[in-house]
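Just so you know, we're using my numbering here: the sequence shown kicks off at 1 and counts up by one.
It is worth saying that the hints were derived from the structure and are not from the lab. These numbers were taken from a predicted model, which means no experiment stands behind them. Beta carbons are placed, not taken as given, at the ideal position from N, Cα and C, and that holds for glycine. Some hints here could point you the wrong way.
As the list claims (entries may be wrong) - DSS-like, lysine-lysine: derived pairs with alpha carbons at most 25 Å apart:
{"#": "1", "residue 1": "Lys103", "residue 2": "Lys67"}
{"#": "2", "residue 1": "Lys155", "residue 2": "Lys136"}
{"#": "3", "residue 1": "Lys136", "residue 2": "Lys67"}
{"#": "4", "residue 1": "Lys27", "residue 2": "Lys136"}
Said to hold, decoys possible - Listed next, with one range per pair, are the computed distances between beta-carbon atoms:
{"#": "5", "residue 1": "Lys27", "residue 2": "Asn139", "range": "18 to 24 Å"}
{"#": "6", "residue 1": "Lys81", "residue 2": "Lys131", "range": "32 to 38 Å"}
{"#": "7", "residue 1": "Val5", "residue 2": "Glu63", "range": "32 to 38 Å"}
{"#": "8", "residue 1": "Val5", "residue 2": "Lys43", "range": "30 to 36 Å"}
{"#": "9", "residue 1": "Thr141", "residue 2": "Thr106", "range": "37 to 43 Å"}
{"#": "10", "residue 1": "Gly105", "residue 2": "Pro59", "range": "27 to 33 Å"}
{"#": "11", "residue 1": "Asn22", "residue 2": "Thr106", "range": "39 to 45 Å"}
{"#": "12", "residue 1": "Ala82", "residue 2": "Asn107", "range": "38 to 44 Å"}
{"#": "13", "residue 1": "Lys27", "residue 2": "Lys57", "range": "17 to 23 Å"}
{"#": "14", "residue 1": "Ser55", "residue 2": "Leu153", "range": "28 to 34 Å"}
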Amino acid sequence: MNPRVDQHIIDKVAEARGQLSNKYKEKGNFAYAEVNISGIDKKDFYAHSGIHDASKKIPGAEEFSFKTDNPIFQATEAPNKAGQSFLRDVDTEYKILNDLADKIGTNYEVKGSIRLFTEKDTCDSCNLIIKQFDEKYPNITIEVIHNNDNSILPK
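Starting from the given sequences, assemble the full structure and let the hints guide the process.
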């Protein structure tokens, strides 16, 4: 990640984190996707690893991507930094890419780009989901950038 080039991403993440309650503001992984895809009006997608359910109406997270009951891309188990494996269906990349795939649907020829920022580096499960998204929508370029496991401080 280049702080000079990607300052607008850092600013968007800091602002979105700042809107959350203290429980989520400084904990968990946060992701932001800058989306430019034909037919998708929404350009900014956000997700937090600790916020899963839209029905909980968490202040500041109203427009986030959430865990879905019917994912297009299935999460797999992958280890955390401590080496403990668990199903990665709460990961930010999983939430955003499933949300996008749900919005795109069967328009497999759609063109566009995604800059997917995540504070933590992607795990094997998320790498697989990114690969599957790329295969399903070959005309959408995905650039993944991460912040070397460093949280961005909220504004």
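Practice problem: Look at the Cβ atoms of Asn22 and Thr106 and judge whether their distance stays inside 39 to 45 Å. | Solution: holds, 41 Å
Quiz item: Going straight from one Cα to the other, do Lys155 and Lys136 come out at no more than 25 Å?
Solution: Violated, because 37 Å separates the two Cα atoms, which is more than 25 Å.
Self-check item: Holds or violated: Lys27 to Lys136, with C-alpha atoms at most 25 Å apart
Solution: violated, 32 Å
Self-check item: Status of the given 27 to 33 Å range, CB of Pro59 versus CB of Gly105
Solution: Cβ of Gly105 to Cβ of Pro59: about 30 Å, so the range 27 to 33 Å holds.
Exercise. Confirm or reject the claim that Val5 and Glu63 have a C-beta distance inside 32 to 38 Å.
Key: violated, 25 Å
Quiz prompt | Status of the given 18 to 24 Å range, CB of Asn139 versus CB of Lys27 | solution = Since Lys27 and Asn139 have Cβ atoms about 37 Å apart, the given range 18 to 24 Å is violated.
Quiz prompt | Outcome for the supplied range 38 to 44 Å, where the beta carbon pair is Ala82 and Asn107 | solution = Check passed, 40 Å falls within 38 to 44 Å.
Quiz item: Do the beta carbons of Ser55 and Leu153 sit within 28 to 34 Å of each other?
Solution: Taking Cβ atoms as reference, Ser55 and Leu153 lie about 29 Å apart, which means the hint holds.
Exercise. Could you tell me whether the CB distance from Lys81 to Lys131 stays inside 32 to 38 Å?
Key: violated, 22 Å
Quiz item: Has the given pair, Lys136 with Lys67, been kept, meaning a C-alpha gap of at most 25 Å?
Solution: Since the Cα atoms of Lys136 and Lys67 sit roughly 20 Å apart, the hinted pair holds (cutoff 25 Å).
Quiz item: Is it true that the CA of Lys103 sits at most 25 Å from the CA of Lys67?
Solution: It holds: about 14 Å lies between the C-alpha atoms, which stays within 25 Å.
Self-check item: 30 to 36 Å as the expected CB spacing between Lys43 and Val5, which holds or is violated
Solution: violated, 18 Å
Consistency with the previously given hints fails for numbers 2, 4, 5, 6, 7, 8, 9, ordered from lowest to highest.
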